[in-house]
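These two chains come separately, so use the hints to put the complex back together.
So you can see what is in the structure, the chains are spelled out below.
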Amino acid sequence: MSEYRNVIWWYTQRVTGALLIVFLVAHFWVEHFMSKELLRGDLTYEAILSRISNPLWQAIDIGFLLVALVHGLNGLRNIVLDYSRVSPRTAQMITAVLIAAGALWSWWGIQAFRNL
Amino acid sequence: MNTYQVRIVRSDEKGVSRGVETFSVALADRMTVLDALFSIQANQDPSLSFRCACRVGMCGTCAMTINAVPRLACKTQVGRLDSPSVTIAPLPNLPVVKDLVISLEPFFEQWKKIKPALHSEARDSNELARIPAGSPYARETPRKRDCITCGICYAACGVKATSGEYLGPAAINKAFLRILDPRDDATEERLDVINGERAGIWRCHTQFGCTAACPKKIDLTDTLVRLKRAMLFPSKLKKLKKKGVSKAVS
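Chains as they are written, first to last, in numbering that gives the first Met the number 0: chain A, 0 to 115; chain B, 0 to 249.
Extracted from the complex, chain B is given alone in its bound form (with noise of 0.2 Å):
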């Protein structure tokens, strides 16, 4: 067992600034910063607030802050860390409601924009779709299925932190797939969204911010300059979705 100064950006239920709390904590060095924070509220301080689900980095809920980077808590283990004192704040570029709980309002809310569900004409259609293991679906898009839209891209994103209306990595991500998607018929107002002045692709600065960050690993960079590449010819685009052929985006 190691002690830790564990370091937590407080605020009260208002989501206004209390400063920066400091609490000694001994843990082992494969516990993790979530195990750290039940620690500290089962006892040192019972008021600490956090967010947290299936602990197993499935669920995205418990994305903080974690030594200036972007992580999930239940992931992070401290020892890895390298390092005595570990510093816990909540996500940026979204609304803090309590210590370490923000809201992920404003992330649904660019969600909602690019229409995440399947827009499919033949939703009455008794015939199973079919995705051709060549589809470009099938072939480009396996790692970024795996979203859990945890937020952690979207606070990791330089242009996020500076314009409001900027859609956010997991978003055009998920645009990328339903693009992608031969089942879905909505790839004209998703590029219509998408192509958007001041909160579409043209904003990203290829920064990796997201990529780095990204607790699943999915190149989100990769799927912003494909689709940017890919909107020089959108016809060839929506031709070849409908082909299952992929070159589209290559």
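Same shape as in the complex, but just chain A (with noise of 0.2 Å):
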């Protein structure tokens, strides 16, 4: 694998965009669309609750979480290394601060299934 660290941060980038939309059309289909309850329109919190229990949803969705906070994140970043004119000191700090709020919100979003 390569010793150079941005394109590891390049190829995330494409790899997580590609799985965004796997997971994107997979929560649209579930969540809006095909669910056996909205199908019966009966969709309650217990039906709800009892999907998320199941803990492939559960992996499922916090790999959603993660993807598109890498993705979302990462993209910011670039977003502020193509346009800003920052010095390559204060371009760390925001990707330190991008890294941190990435970190925050995974462990933020991961705990709302521990109070299940």
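Some hints here could point you the wrong way.
What the hints assert, rightly or not - Distance condition first, Cα-Cα at most 20 Å in a straight line; then the derived EDC-like pairs of lysine to aspartate or glutamate: (1) K237/B to D60/A; (2) K235/B to E2/A; (3) K143/B to E196/B; (4) K237/B to D183/B.
Stated by the list, open to error - Short derived list, chain A residues pointing at chain B, Cβ under 8 Å: (5) N5; (6) V6; (7) L80.
Claimed, not checked - Quick list of simulated restraints, FRET-style, between CB atoms: (8) T205/B to W107/A: 32 to 40 Å; (9) W106/A to T205/B: 30 to 38 Å; (10) D145/B to I93/A: 35 to 43 Å; (11) Y10/A to R138/B: 19 to 27 Å; (12) R13/A to S119/B: 16 to 24 Å; (13) D218/B to L23/A: 50 to 58 Å; (14) L23/A to D28/B: 46 to 54 Å; (15) Q206/B to I98/A: 26 to 34 Å; (16) G16/A to Q76/B: 36 to 44 Å; (17) S52/A to D218/B: 49 to 57 Å; (18) T205/B to I51/A: 50 to 58 Å; (19) Q43/B to R4/A: 29 to 37 Å.
Everything labelled a hint here was simulated from the structure, so no lab data went into it. No residue lacks a Cβ here, since even glycine has one placed at the ideal position from N, Cα and C.
See below:
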């Protein structure tokens, strides 16, 4: 694998972009169109709770969260690097802040499943 | 002969804008924008400044923005613009010296960063360098070697418009040629430069502005994308370069 760190970010952005397509289509399909309860017209809190208590759905949801965060925050970092005139040191600080924000949001999102 | 309205973005000798001036010029359809400029300079305004040298698209000196697209004035026939008016401006992303004359200094500053000259460890060798027909350099680079350093790709690059640090397509294309050159030994240094976070290839957004504008039809976007992919496995690239096998950037 490459010793160049930047290529990893570039490749990660492409992989997470492709994964986002899969996750988003699956998300909309299940949440808004094709769940059995929706089709029957009796979608309830219990039905949702039952689905998101399933470890497989939890893994999918956490995966979606992590992929969206990495893709979105890395995209934001790219915009900063493309359009800003900030010094390299400031750019490094912005990257550190974005990584911290990503870690915090990941932790926050994963915590939601602990209270089920 | 048709009469064209030639609108020229003017500036004084300090590069300060003087607005747009319009000239009426009678031209035959096959005459070029450069012919129009010579006609204006000879018959209407001798103070008009522009650069040219070879007049056959070999030197890249007469690069300017013609009807909003960076092109070579000597290769752009007025009749093919399909417009009764022609608007001519200096190339963007480069400092204006006067009228249509720009300074290519920033372009060549970036060019120098990628070590464009051959850096061979065997400089004193009397043995002739052999470039096999199947080597990456021979197979992958014929069209990419046609660069005339006109600065058009640099002017057409959407990323260059916002980032002063970006190397620009021409410099990266030159680095690509040297990286594949089996006689060259500075691959590591060039990979370090093109890997730069704010100046390197990662800033390219594959907008194809450079490829669309290049007067020599060099597929610069292809160069950039190949380099990005090759950076995933640079050791493979270096090994294959030594062997003269062309797989690393395909």
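We went through each hint and held it up to the structure:
no. : hint                         : verdict
1   : K237/B to D60/A              : 41 Å, violated
2   : K235/B to E2/A               : 12 Å, holds
3   : K143/B to E196/B             : 24 Å, violated
4   : K237/B to D183/B             : 11 Å, holds
5   : N5                           : 5 Å, holds
6   : V6                           : 4 Å, holds
7   : L80                          : 6 Å, holds
8   : T205/B to W107/A: 32 to 40 Å : 34 Å, holds
9   : W106/A to T205/B: 30 to 38 Å : 34 Å, holds
10  : D145/B to I93/A: 35 to 43 Å  : 40 Å, holds
11  : Y10/A to R138/B: 19 to 27 Å  : 26 Å, holds
12  : R13/A to S119/B: 16 to 24 Å  : 36 Å, violated
13  : D218/B to L23/A: 50 to 58 Å  : 33 Å, violated
14  : L23/A to D28/B: 46 to 54 Å   : 53 Å, holds
15  : Q206/B to I98/A: 26 to 34 Å  : 28 Å, holds
16  : G16/A to Q76/B: 36 to 44 Å   : 42 Å, holds
17  : S52/A to D218/B: 49 to 57 Å  : 53 Å, holds
18  : T205/B to I51/A: 50 to 58 Å  : 38 Å, violated
19  : Q43/B to R4/A: 29 to 37 Å    : 57 Å, violated
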